[in-house]
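Chemist: Taking the hints into account, I'd like the entire structure generated from these sequences.
Keeping their order, the protein sequence lines are chains P and D.
Numbers given in the numbering used here equal positions in the first sequence, counted from 1, plus 99.
Numbers given in the numbering used here equal positions in the second sequence, counted from 1, plus 72.
Treat the hints as calculated values from the structure; they're not laboratory data.
Each hint should be verified, as a subset may be incorrect.
Derived pair list, reagent style DMTMM-like, types lysine to aspartate or glutamate, alpha-carbon separation capped at 25 Å [to be verified]: (1) P:Lys466 - P:Asp526; (2) D:Lys125 - P:Glu136; (3) D:Lys151 - P:Asp133; (4) D:Lys284 - D:Glu235; (5) D:Lys151 - P:Glu268.
Bear in mind the structure is a predicted one, so any value in this text is a computation, not a measurement.
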Amino acid sequence: MRSLRVFCSIGVRLLFAALMTTPASGAADGYAFDPSETEKKIYSFGGYAEVKPILFDLDRGAALYKTRFFDRGVGDPLRQVDFTLQLDGGIEWNIFKAFARINNSLSRTCDGWLDDSKPYELFVAAKPTPSLTASAGKLTAKWGKGYAWNPVAFVDRPKDSDDPTLNLEGFYMAGFDYIKSFEGPLKTVSFSPLLLPVDYGLNNDFGESGHTNFAAKVYFLLWDTDIDFLFLTGNSRPDRFGFDFSRNITTNLEIHGESAWIKDFRLKKVDAAGVVSESEFDAWSGLLGLRYLSRIDTTYILEYYHNGTGYSEREAKDYYTFVDRAYDVYLDTGNAGPIRKAANLTRGAYGRSNPMRDYLYLRVSQKEPFDILYFTPAVTTIFNLNDRSFSLSPELLYTGITNLELRLKGTLLVGDNASEFGEKQSDARLELRVRYYF
Amino acid sequence: MLKMLSILISLVCAAGASALDGAEILEKVDRNLAPPSYELYRKLINIEPNGAKKEYVLYTVKKGKDRVAGVFLSPASDKGRSTLRLGENMWLYIPNVGKPVRITSLQSVVGGVFNNSDLLQLDYSDEYDVVGLEESDTEYILDLKAKTRSVAYDRLKMWVDREKIMPTRIECKTEAEMLIKTLYFKEIQDFGGGFVRPAVIETDSPLYKGYKSILMFAKLKVRDFPDEVFTLTYMPNIESLR
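Modeler: So, in structure tokens, the structure goes:
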């Protein structure tokens, strides 16, 4: 706990120092608009460098602690430092464009140094007319209207609801966007089909290999409402289709929703005795949300999410019971077989960011309180409606220094035994993210 | 004789000008500020009471009465962030997040005194009705009321240079006449193509005491765009129009 206090103190001091510091750009003793600032180059280069120290206040009785650390002792609090270097580069010539976003990460964890480098995006595109853009390569589709979850994001990797604005790795796809505008209540229609092969070493983590999958989105702006119809078919994943919408009810109130149906979804389950089975069913997932901006610049984002592919409270409890028993077996006999089996299950569907059925998400952020420009405090909660466990994350964000972003974020994980947030590996987490854009 | 002729012409012009009603003045203000369809570059500078500055450069395109789109070119932390307005619909696209989200006219994309409505502004005559007109020797003073509740400021009071038919100052107010901010139009500049307009708009606000924002204009050009440019699907590509 002492480390937590020291860490917290350093973080707050750093943020306070940033708030009190005059940015490097200097005093406003004159201003000019240099034409060179508007010149277009055929190439572009940018990205960000980030360092993120994290402290975990471990919960040694939790299921996810046991599956990860059953055979070794680790210090408490657990310290981790993540370094990220994201490089973006692009060339644009005539109607053609090539773009690459390479994510490089290095982490100092209790497992030692871990590093990874992979392209998040890597594609070429041609835009013969403003109505038509064709692209091929590693792309991110980013379907859906939800903030924390996107059940209709059929060709995207799942978001981390704890940090939904992080950019995600794409899949290798080819497709195009065709746009048509109209006068009247129907203002826009666009069609975006995609081919996604899971073969030749491409997209192996998408699903069953040896297939080419077809997905498409049709977008309408109708009566000032964004509406998408979307589907994915092919044999790598079960077929699925859905729709989403977003609309401003009033100037300051937006509502959005998503609905997704998945045919013949297969879910692996384990009972309390450790017997693994698989069930197949048609699943429905949905999301309903709103975003409200108050007169004093407070933004509220509220979402309800039903995860039809998730576990019921009973099924989750069986899994936690199995982990507890497997851990006891390991302690009593030294037999690591059952706990390793539990760890493997944790790496699958049980280890998803939100593996159960019904959630509420609420984020309240206040722009520039006390006249402090570029300062945004926020608090976020994710509430599991099935087992009534929750996470609570206050954060302080400061972006006042050009290209530098400072975020101090704490997270409390609260829940009973055999509840989702009660069985996470830590009871609390504190992180400072320092990101510099270039 | 020449002097008398000059006085006569001035009187005729003055009579002609005063014959303008408020709506006509407002439409002339709009056309003197920008053509109906154009592209332009703007630099937004937020200045804090201690003199600290933060600068943003934006590229903006507009078509007709209700279509505006823009993209941030700098700083690096905001590069690629684009905004779109289609009538009363507004969206923000952040490259990292990837998908456009709906925003409101009162929000500020970048922080500071300017908000989305200022950065995605349509013609004044499209958003406001003239409900009052005062005249002096040098100025018209227009009282404007928003046509719909979706406009960021319910009331505007606009001081217009009588000779140039160009705004010099605009007070932005709530429905209850509370002052939110004041815009000062400065530094008349010839942008070419017949456009001579203020190149700088300064803003201050009683809500942000001591803070100031400056919007500078460059390379204003008449340009027509296909309607498809002003769509959600096109938002990631707005910079390619440059």
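Chemist: Can you name, in rising order, the numbers of the hints this structure does not satisfy?
Modeler: 1 and 4
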